[in-house]
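S.K.: The chain contents come next:
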Amino acid sequence: MTRYRLRGLALHAALVLALLVFMFPFVWTILMASNTTADIYRFPPKLTFGGHFGENVRQVLENVAFFQSMANTVVVAVSTTLLVLFFDSLAAFTFAKFRFPGRNALFVILLATMLLPAQLAAVPQFQTMALLGWVGSLKALIIPGAANAFGIFWMRQYFQNSIHNELVEAATLDGCGFFGTYWHVALPSARPALAFLGIFTFVGSWNDYMWPLIVLTNPDHVTLQVALSTLNRSHGVDYSMVMTGALMAMVPLVIVFAIFARQFIKGATEGAVRG
Amino acid sequence: MTATVTVPAARATTAAPKRRIWSYWRFYLALSPFYVLFAVFGLYPMLSTIVLAFQRWDGLSARRFTGLDNFAFLVKDPTFWQSLENTVVLFLMSTVPTLVLALLLAVMLQSAVRFTNVYRIAYFIPNVTSLVAMAIFFSSIFSTNFGLVNAALRSLGIPQQDWLGQPWGIKIAISTMIVWQWVGYNTLIYLAGLQAIPKDQYEAAKVDGAGAVRTFFAITLPQLRPVVLFTVVMSTIGGLQTFTEPQVMVGNSGGTGQSGMTVVLFFYRAAFLDNDYGYAAAIALSIFALVLLFTAINWRIFRGRGEDR
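Residue numbers (the numbering used here), protein chains in the order written: chain A, 162 to 436; chain B, 335 to 643.
Do not take every clue at face value.
Said to hold, decoys possible - Here are some chain A residues the structure puts well away from chain B; computed CB gaps all over 12 angstroms:
1) G212
2) P353
3) N368
Claimed, not checked - Derived list of chain A stretches under chain B, where covered just means 3 residues or more per stretch with a C-beta under 8 angstroms from a C-beta of chain B:
4) 318 to 324
5) 421 to 428
Worth flagging that the hints you see were computed from the coordinates, not collected in a lab. As the structure is a computational prediction, the values presented were derived from the model and not from experiment. A virtual CB, placed ideally from N, CA and C, is assigned to each residue, including glycine.
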């Protein structure tokens, strides 16, 4: 009995240690954001929370167009996510439940596109954006990513396993057209898969860095990641201020994740085991 | 009316022998967004990249065909080889510890009964945080004069290191960040894999008198093989594309001795800082070749292992 209890304690000690390591950067970031840079420079470093958070926030807002960048990021992430959810699930439903000429060939093409690295398209992509007049515009971030192969592949698996053919047939007999069946039968039953794909897309879009860095040429009109990188480059010595910016850029993402965490983790791990 | 157009899969195999192709228009319309977007923003630029790789172009003057010049220059460019080496070294330095630690944590997490959901959520959070913010954080703790790592070394009486100013220090800092970010994700993948292993196999091992270590190597690891390979494939694809971490931590130059210069950073520099588009296109093609090579290796492992089961 005591041996088991001892083992359990050791186990949880190790797991808690790992948890502390994973959480440490967040705690340390908050610590730095609440102190002055001088406090951080000290040896030994100050290990308590200070009262300079408000002052640091004020400085961040002074140095970068924080709210503008945040708004841009929200616009890009939300619209990309909604478009991806709609287009990917519609295509996935079609692949999963219907037969038509060229279906297999189209699906193979879809899978093959997943192997292509983004850099392969980046240079001419920029020229295309220039031609369309989208350089510096958020459209350049939203439109090219409005549908993707991964999401279609993912949702197709889900539809194949979770929607019975009889259900689709019944909806058809009830007079539901193809799009009606998609809207009234497929979408409502796919909520867990949509939750995973939604968060996955949102986080990816929020964190996208290279392409916004390239295509958003106006420094006053960028996304949060680019603004943060600029802040770091130009005010790198002012750590407490830069870390405050980093903290402010992280918080919304952590909140979104916290709300959907269970569904997201379930979705993320199930796919790996099944696939 | 719609019933004649919409044919569920089950029925399509038996009935509906002769239908004109346009009667399927709804399906093609439903699929079109991805394929149209891919044609415009994927296929077309990729084909242009192939053409561009044989040209010289600065974005302003006329394009000039130069044959294989870009590739000839590329194989003689020491920075290119260095970036390839850095990418592979960083990939190994981050992936091996990540996967080993993840497996260890997953095994422990599986035998834990309480608080498992708290652990799962907390372990996953590093994977969904802002990459740039975290790169800034890691460069701050590795900084020479006031970084936490050096403060810890000094309090132990070990001389401080110029982490971000020397080649190995840069690699250690970058891979530490990647490990921190990816251990939790892989732990949860392994945990799901562990939970899918049938319980009776463990009971049989217990009856045979096998110990914990023996059981792990005889049952757990072989059963987990497909999941391990999945994580290797995912880590490979991610690892070959490393860009944000070095770009934020040591800048566009790649840092001291260019030891943080990855192939994608090398590409970014050639294209968008030097405006050497033809050369950048040649680099992009070599990245593609690299991805294909590693995918082929992974694929071989998959196939090879799949047959002996």
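S.K.: Taking the hints in turn, state whether each one holds.
M.R.: Each hint, compared with the structure:
1. G212: holds (20 angstroms)
2. P353: Holds: least Cβ distance 15 angstroms, greater than 12 angstroms.
3. N368: violated (5 angstroms)
4. 318 to 324: Our answer is that it is violated, as 0 residues pass the Cβ test (under 8 angstroms) against chain B, missing three.
5. 421 to 428: holds (count 4)
The structure does not agree with the numbered hints 3 and 4 stated previously, though it agrees with the rest.
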